[in-house]
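Could you put together the complete structure from these sequences and hints?
Chain residues, written in single-letter form:
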Amino acid sequence: MKLPQSALLERASFDTLLDALRRRGFKVVGPVIQDEAIVYDTVTASADLPVGWTDEQDGGHYRLKRRKDEALFGYAVGPHSWKKYLHPANLKLWDATRDAGAALRFEEGDTEKPPKLAFLGVRSCELRAIAIQDKVFMGSAFTDEHYRKRRERIFTIAVNCGTAGGTCFCVSMKTGPKVTGDVAFDLALTELLEESGHYFLITAGSEAGAEILKELPTRPATPEDLATADAVVDRTAQNMGREMPAEGLPKVLLENLEHPRWDDVAERCLSCANCTMACPTCFCTTVEDTTDLTGDHAERWRRWDSCFTLDFTYMHGGSVQQSARSRYRQWMTHKLATWHEQFGSSGCVGCGRCITWCPVGIDLTEEAAAICTVENSNTATNISEPASRDPSP
Amino acid sequence: MKVTTLEPILREHPFFAGLPDTGLTLITGCAKNVRFEAGAALAREGDPAEHFYLIREGRVSLELPAPHGGTVKIQTIDAGEVVGWSWLMPPYQWQFDISAVTPVRALEMDGTCLRGKCDADPRLGYELMKRFSRVMVERLASTRLQLLDLYGVQHPASSPTS
Amino acid sequence: MSASLPNTMPGLPAAPLVPEPWQVAARREETADTFTLTLQPTGEAEPMRFQPGQFNMLYAFGTGESAISISGDPSEGSSGLIHTVRRVGYVTSALARLSPGDMVGVRGPFGSAWPMEDARGRDLIFMAGGIGLAPLRPAIYHALNHRADYGRIIILTGARTPEDALYLAEQETWREQDGVEGHLTVDRAETPWTHNVGVVTTLVPKACFDPANAVAMICGPEIMMRYSAMELRKSGLTDNRIYVTMERNMKCAVAFCGHCQLGPEFICKDGPVYRFDRIRFWFSQREF
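Chains as they are written, first to last, in our numbering: chain A, -7 to 385; chain B, 472 to 633; chain C, 14 to 301.
For the record, the hints were derived by calculation from the structure and aren't laboratory data.
Please note: incorrect hints may appear among the correct ones.
[Stated by the list, open to error] Cross-link-like lysine-lysine pairs, in silico, PhoX-like; alpha carbons within 25 Å at most:
| id | chain 1 | residue 1 | chain 2 | residue 2 |
| --- | --- | --- | --- | --- |
| 1 | C | 247 | B | 601 |
| 2 | A | 108 | A | 19 |
| 3 | A | 170 | A | 60 |
| 4 | A | 141 | A | 84 |
| 5 | B | 601 | C | 219 |
| 6 | B | 588 | B | 601 |
The structure displayed is predicted, hence computed values, not measured ones.
What follows is the structure in structure tokens.
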């Protein structure tokens, strides 16, 4: 079969897609409105989606607003990301039991087969974020089986963005807004709200996606339809809310670890960890060991953690990263600089969640730009030791 | 023993390595060969500091009275090193005890004699001051490291964090 | 960059996050705050193969886990899995309460190893501060077991006081062997003490080795390793012949949890043993 394959699906027939997924045993999850925000949860029909809603986003600001149309995907990303399904916030790693004879037994936790999930409405930046977490959990000497078994069973229906959020900057990160063939997806949608009608251009990105596409009551897409769809994404690309300085950012950051801007941002940062919870690539966890009252049964749970907490770097005698300054610097240099060395790409996909959900509106792109400004930066005087390090000793 | 026979020994000691012959000849007159049994005192805190020692063999220690009795060894000095600089500056009084940890052979250098030679020959004086300064700076640096209590912090991999 | 060193992680555990039960076979007091546990596998389990420098995650039932370097003999057929532990927190205090017959959970071995292969044919300089001798001991055992593979063996150790010096009697037996030169120092001594007094860096000039053909392995607190590396450089060693071992907070030991990161390094996976030139930049950054 030749990929990609494209076809047009009427809005009125959208639920046939959900039906086709359900027939294959998938539980569909996607954007729904809860607590005045668009989050990811179970979707049983297209009516569950935030029909006719959009979001207004800025640093520390998020509001839902009515659109003038009945778009299904007319908003940017919300506070949730797909990592909550693939890398659960709480997961039991094991149980331990101590017998009367003092023998100790360990039993692996999280052994159930995860549900087959269809992710509906995955944005380009989010596909990139999933690809990044794939590298974290499946790309090194160790594979996280808890992640892998969930990851293997998902079906992704991506959406090309028709609306740029106020804090979006995927264009400058080269991660969107158009879904491209170099990241894995099963189907990709472009929502078209034209005078001629409300319909979706659907492109298959995998065999499984093509199979489903064949079953839907579509009509062939003309070259004009494809051009219309491209124009939608182009318009989104023109309207990015933010921009990340692109040139040599990792090097500049690592050459400016003592830049005065770190003190400045530390004055504002609350170390609340919201940015790391909202970030679709942040992967850090801690563990909690518990015992029951008999003292013979213990459990170990893995929970999301954040490098903004003081405990994160705790060693005997205190934390390595004592100051808020050092913790913000850790997060940002990891995300934008050292991530490249670890996983071969930036850890940032330009989704803007960390900006929107920062209670004091700290803007990652603005902080990066401030460190890049020539007058304060150390670039001219500091030897570029990080860049000159032998990458493969 | 004739003092002039000590010149080859002085020349061999690392502290005087590379000193010009004229200088060596000058200071040889201030040197005396000495031996100490283990436990013997080379110097006592508060006594007039009339010498310093070039250790040729064995180990000596700098000691101070411990707060709760006894003495604390705070530094040891081995063969090839030099000990004592109280003779250089007023009030020319020892600030520590110096004891032989093992049997020690050393050259005892007469401070009054050396100061006289240095005053008469500032080039020699400057050369000696440079050598002493270097020893002092090194000792000060390592004493500062000792202040850090280097091993008090748990080591990494074998130091559990919880 | 994050590709693992070729000598890491032999016998990777299948479920690396779930411990195996091991039994305490022996327990020995070393100093006032350190003790050594010898562990035996239970049931059908095999003895653990490991390389000098690697560590295990030891789980004290109901309390939690701690990363502890293996400090026993790495050669096949040696008896028991040995860890010397310093009592500093909840987990290590719980481990300290164990006696023979008690059970612990063990995950491992994890991490990179001392460069015993690359160091063949060279003089070896081992520098340890405090309990830092424990993670170095397997490398010392290896060198002594393969004496012909190496040149001179220099063992320089520092401790706070004579009472805090680790493996004191064993250090004596090492020093007695041919071609082994050992120097021992403490920060201060109140009891009779004929070894050195002074910081561990002062031992370097006393040692006799060929700086053009020597490899140094240093283990101790970061500040001690930094000054030791500096002193070795003064003697003519280059940074690519100096190895150090790093510590950070460790939860998972398999580079998933993020806690042990130092710049781009996951200490648990890429380390804990590093060639100094690879880690030097991050070594000197404050609060990283």
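Structure-based check of all given hints:
1. A threshold of 25 Å between alpha carbons decides the hint, and for residue 247 of chain C with residue 601 of chain B the separation of about 19 Å falls inside it, so the pair holds.
2. At roughly 6 Å between alpha-carbon atoms, residue 108 of chain A and residue 19 of chain A fall within 25 Å of each other, so this suggested pair holds.
3. A distance of roughly 24 Å separates the Cα atoms of residue 170 of chain A and residue 60 of chain A; the hinted pair therefore holds under the 25 Å criterion.
4. For a cut-off of 25 Å, the pair hint linking residue 141 of chain A to residue 84 of chain A stands: about 15 Å separates their Cα positions.
5. In summary, the hint linking residue 601 of chain B to residue 219 of chain C is supported, as the alpha carbons are separated by about 22 Å, within the 25 Å threshold.
6. Of the pairs offered as hints, the one joining residue 588 of chain B and residue 601 of chain B holds, with about 16 Å between alpha carbons and a cut-off of 25 Å not exceeded.
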